[in-house]
Amino acid sequence: INKQRPDRSNDNSFPSGHTSTVFHSAGYIHRRYGFKYSIPAYALAGFTAASRIDSKKHDILDVIAGAAIGLGANLIFTTEYSQEHMELTYDYFDGNHLIGFRYKF
53 INKQRPDRSN DNSFPSGHTS TVFHSAGYIH RRYGFKYSIP AYALAGFTAA SRIDSKKHDI
113 LDVIAGAAIG LGANLIFTTE YSQEHMELTY DYFDGNHLIG FRYKF
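Here the sequence shown stands for residues 53 to 157, where the numbers follow this note's numbering.
Just so you know, the hints here were simulated from the structure itself, not pulled from any lab data. Virtual Cβ for every residue (Gly too), placed ideally from N, Cα, C. Be a bit skeptical, because a hint or two may be false.
Just the calculated beta-carbon pair ranges, DEER-fashion [claimed, not checked]:
| hint | residue 1 | residue 2 | range |
| --- | --- | --- | --- |
| 1 | Ser103 | Leu127 | 21 to 31 angstroms |
| 2 | Leu140 | Asn62 | 47 to 57 angstroms |
| 3 | Phe99 | Glu132 | 22 to 32 angstroms |
| 4 | Tyr144 | Gly69 | 51 to 61 angstroms |
| 5 | Leu113 | Phe87 | 23 to 33 angstroms |
| 6 | Ala102 | Lys55 | 13 to 23 angstroms |
| 7 | Glu139 | Lys55 | 45 to 55 angstroms |
| 8 | Tyr142 | Asp106 | 48 to 58 angstroms |
| 9 | Arg84 | Asn148 | 29 to 39 angstroms |
| 10 | Asn54 | Thr141 | 55 to 65 angstroms |
| 11 | Phe99 | Arg154 | 39 to 49 angstroms |
| 12 | Thr130 | Ser103 | 22 to 32 angstroms |
Whenever a hint applies, use it, and build me the whole structure from the sequences.
Here you go:
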């Protein structure tokens with residue numbers, strides 16, 4: 053979308069690609085590893101969005117749209133990580149110790 057940047061440097065303001073990328077990354081960490089691991093990534097994403105506004109490269113609408121695109125794409129394309137698909141196994145059979153790894157698709 054051709055929207056002039058607040059600093060008038062060019063017409064690439066909407067949406068914020070930097071914000072989209074960092075919010076997608078934070079969302080990925082959240083979905084794959086849980087919220088507590090994603091807190092630093094969300095903090096970095098918020099800092100990136102604020103710095104894009106502060107440097108007059110984007111306005112608030114640009115960074116909100118970028119964050120929505122990043123998080124939305126993450127919801128569509130990232131599957132949640134589930135440890136129940138992996139399992140270490142142990143068995144004792146006929147005098148033998150058996151150790152294995154099982155992965156369910």
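Now the hints, each set against the structure:
Range check, Ser103 to Leu127: about 25 angstroms between beta-carbon atoms, so the 21 to 31 angstroms window is met. Hint check: Leu140 to Asn62, Cβ distance near 54 angstroms, so the stated range 47 to 57 angstroms holds. In this structure, Phe99 and Glu132 meet the distance hint of 22 to 32 angstroms, their C-beta atoms being roughly 26 angstroms apart. The beta-carbon spacing between Tyr144 and Gly69, approximately 57 angstroms, falls within the hinted interval of 51 to 61 angstroms.
The supplied range of 23 to 33 angstroms is met by Leu113 and Phe87, whose beta-carbon atoms lie about 27 angstroms from each other. Between Ala102 and Lys55 the beta carbons are some 19 angstroms apart, a value that agrees with the proposed interval 13 to 23 angstroms. Look at Glu139 against Lys55: about 51 angstroms separates their beta carbons, and that is inside 45 to 55 angstroms. Checked against the hint of 48 to 58 angstroms, the pair Tyr142 and Asp106 passes, with Cβ atoms roughly 56 angstroms apart.
Between Arg84 and Asn148 the CB atoms are about 37 angstroms apart, so this pair conforms to the stated range of 29 to 39 angstroms. At roughly 58 angstroms, the beta-carbon separation of Asn54 and Thr141 lies within the given 55 to 65 angstroms, and the hint holds. At about 42 angstroms, the beta-carbon gap between Phe99 and Arg154 stays in the expected band of 39 to 49 angstroms. Checked against the hint of 22 to 32 angstroms, the pair Thr130 and Ser103 passes, with Cβ atoms roughly 25 angstroms apart.
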